[in-house]
Amino acid sequence: MTLTTTETDGARIITVNADRIDAAMAIQFKEDMREKTDPGPERVILDLSSVTFIDSSGLGAIVAAMKQLGDGRRLDLAGLTPMVEKVFRLTRMDTVFTLFSSLDDAVPGLDSGSSGGSYL
Amino acid sequence: MVPQQTPRGAERFELRLEATGSQARTALTDTMQRLAQLGLPSHRAGDIQLVLAEALNNVVEHAYENAGHGAITLLCDLGPETLDICIVDTGKPLPGGVLPPAEFPDLAGPLDGLPEGGFGWCLIHELTSCVQYRRENATNYLSFGFRIS
Numbered sequence: 001m002t003l004t005t006t007e008t009d010g011a012r013i014i015t016v017n018a019d020r021i022d023a024a025m026a027i028q029f030k031e032d033m034r035e036k037t038d039p040g041p042e043r044v045i046l047d048l049s050s051v052t053f054i055d056s057s058g059l060g061a062i063v064a065a066m067k068q069l070g071d072g073r074r075l076d077l078a079g080l081t082p083m084v085e086k087v088f089r090l091t092r093m094d095t096v097f098t099l100f101s102s103l104d105d106a107v108p109g110l111d112s113g114s115s116g117g118s119y120l
Numbered sequence: 121m122v123p124q125q126t127p128r129g130a131e132r133f134e135l136r137l138e139a140t141g142s143q144a145r146t147a148l149t150d151t152m153q154r155l156a157q158l159g160l161p162s163h164r165a166g167d168i169q170l171v172l173a174e175a176l177n178n179v180v181e182h183a184y185e186n187a188g189h190g191a192i193t194l195l196c197d198l199g200p201e202t203l204d205i206c207i208v209d210t211g212k213p214l215p216g217g218v219l220p221p222a223e224f225p226d227l228a229g230p231l232d233g234l235p236e237g238g239f240g241w242c243l244i245h246e247l248t249s250c251v252q253y254r255r256e257n258a259t260n261y262l263s264f265g266f267r268i269s
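In order, the protein sequences belong to chains A and B.
Counting from 1, one number per residue, gives the positions in the first sequence under this note's numbering.
Counting from 121, one number per residue, gives the positions in the second sequence under this note's numbering.
Pulled out of the complex, with its shape left as it was, chain A reads as follows (with noise of 0.2 Å):
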């Protein structure tokens, strides 16, 4: 799996590349997650977009990635499918996550394509 990593005022944006996380791949997202993260603003939000299926050895390594950030600092979730968030609705994380249904919702004005931000 891929991990793609976007710098916006302050949050970093991490992008995961894949269709699944799942129990093949829980432990290695764990790891690519800690090296993605660490050093890192005191935000980071997870881009599950690309995401269309995951199963709780998955959800477990988001809630490892979460907490391997440490104290003072979050884990957003932006861009669930159907099926992600069903998966963390019925676990009841998504009362421990704040999730946003796009990027766009969870860092306003990143569409402006300006990591600087934007003035109107």
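Hints are computed from structural coordinates only; laboratory data are not their basis.
Do not rely on the hints blindly, as some may be mistaken.
Straight-line alpha carbon distances no greater than 16 Å define the calculated EDC-like cross-link-like pairs of lysine to aspartate or glutamate that follow [unchecked claim]:
#1 Lys36(A) - Asp76(A)
#2 Lys86(A) - Glu174(B)
#3 Lys212(B) - Glu256(B)
#4 Lys67(A) - Asp104(A)
#5 Lys67(A) - Asp38(A)
#6 Lys30(A) - Glu7(A)
#7 Lys67(A) - Glu35(A)
#8 Lys30(A) - Glu236(B)
#9 Lys67(A) - Glu31(A)
#10 Lys212(B) - Glu181(B)
#11 Lys67(A) - Asp232(B)
#12 Lys86(A) - Glu246(B)
#13 Lys67(A) - Glu246(B)
#14 Lys67(A) - Glu42(A)
#15 Lys86(A) - Asp167(B)
#16 Lys212(B) - Glu185(B)
Assemble the complex: chain A is given as a structure, and chain B must be docked to it using the hints.
Structure of chain B alone, referenced to chain A:
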């Protein structure tokens, strides 16, 4: 993995795989593709794929203890209203010889203590219309049913 092909139009089929994470994933995608070809409504595919994934992962990780080998047979029977699936393996029995409870882990408390596992059986119970387990002749039979209409 050796896919056991069944005649075109048949609504029962079986797959055999070795107990590894990658074969479980391949078996899962092959099964979902086969079910789609047999007419499984697409809106039911997500739940079924998730339950199958949890059940297969459990066999790989616990029945065969991640040994990297061990035979698994997956039997599917798609009817007009229901889908029945049975997973057969000769690994360790479920603890106590019974299905684990369907209680979702508690998420209260500090973030450090959040559970990273323990969701699999809850999802299986939540998303199926019935689940049964039996152990016979050193063999595990886990079967579950879905309403698909």
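The hints, checked one at a time:
no., hint, verdict
1, Lys36(A) - Asp76(A), "holds (15 Å)"
2, Lys86(A) - Glu174(B), "holds (15 Å)"
3, Lys212(B) - Glu256(B), "holds (12 Å)"
4, Lys67(A) - Asp104(A), "violated (25 Å)"
5, Lys67(A) - Asp38(A), "holds (12 Å)"
6, Lys30(A) - Glu7(A), "violated (20 Å)"
7, Lys67(A) - Glu35(A), "holds (14 Å)"
8, Lys30(A) - Glu236(B), "holds (11 Å)"
9, Lys67(A) - Glu31(A), "holds (13 Å)"
10, Lys212(B) - Glu181(B), "holds (10 Å)"
11, Lys67(A) - Asp232(B), "holds (6 Å)"
12, Lys86(A) - Glu246(B), "holds (12 Å)"
13, Lys67(A) - Glu246(B), "violated (27 Å)"
14, Lys67(A) - Glu42(A), "holds (13 Å)"
15, Lys86(A) - Asp167(B), "holds (9 Å)"
16, Lys212(B) - Glu185(B), "holds (8 Å)"
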